[in-house]
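Turn these sequences into a full structure, and let the hints steer you where they fit.
Under mature numbering (1 follows the signal peptide of the UniProt record, and there is no 0), residues -19 to -1, 1 to 225 are what the sequence shown spells out, in order.
Warning: the hint list may mix true and false statements.
[Unchecked claim] With a Cα cut of at most 30 Å, we get these calculated BS3-like pairs of lysine-lysine:
hint, residue 1, residue 2
1, K133, K92
2, K129, K225
3, K92, K138
4, K11, K67
5, K138, K177
6, K197, K177
7, K129, K14
8, K175, K197
9, K169, K197
10, K92, K11
11, K129, K92
12, K225, K169
13, K67, K92
14, K67, K129
15, K92, K169
16, K129, K175
17, K169, K138
Worth flagging that the hints you see were computed from the coordinates, not collected in a lab.
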Amino acid sequence: MRCQLLTICLFLIVLESSAWLPGEESTLDKCLKNYGGMNTALLERLQRYTQWSDSYEEVPCFTQCYLNEMFDIYSDIAGFDEERTKQRFGEAVYNACRDRLQPNQLGYGGKEQSSCERAYAGFHCIASLENDPLILIDNLPNITDAAKSAMKECLQKTDRVLWDRFGDYSRFPVTEPIPCFTHCFIGKLELFDKHKNRWRLPAMRQMLGVPGVGAKVSSCPRRRARNPCAAAYQQFTCFVLAVK
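Structural data, given as structure tokens:
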């Protein structure tokens, strides 16, 4: 698994960093030209893109311009291309936003959407789901549907305040971001034999894709922690990171 979480090449991510996607800077300058170009006020507004209202694009027609310049998923006439959108952002994201991505949708007030409104409605939904942990789980590679279901069940038992920490798992911190989450889904999948006090590695490899075949994992079960939850996280992280 190696926690390859869903990645979306959105302009708001780039704006928060010092890096640019190829052609990004010129695209933003072009799409913001009618509003004074890339000034500080506009860039700060774009950083709050996911907080904009579902029904109101604060920089009119910006999204349509951005999509036309940067991606191949949107047509002013046909709207969002289903297959290309799924390939770029994942099937889970597409399905979650399907109603907003379909052509010929009525806008707020019952009027037919303009091309700009369709582009904004669809992409705003995609961007808003960027860090949704349930979507991230759906897009984890190399794991079974049963494993995804177990993870979702365990996540839903936790305080929703902690859900924003899910993305932190990709950095493998020493302390588990969501306490006892790993212990929970490992238990549901029965990947640890309590009677024999050992991990069921073949089952883990089948369900979660880790550890890799031939990886050096002999030290992983020996890792100790202050409680069973912390121990499960530490040992499982060791399996994930193990190399040949």
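Hints that the structure is at odds with (numbers, increasing): 1, 3, 7, 11, 15
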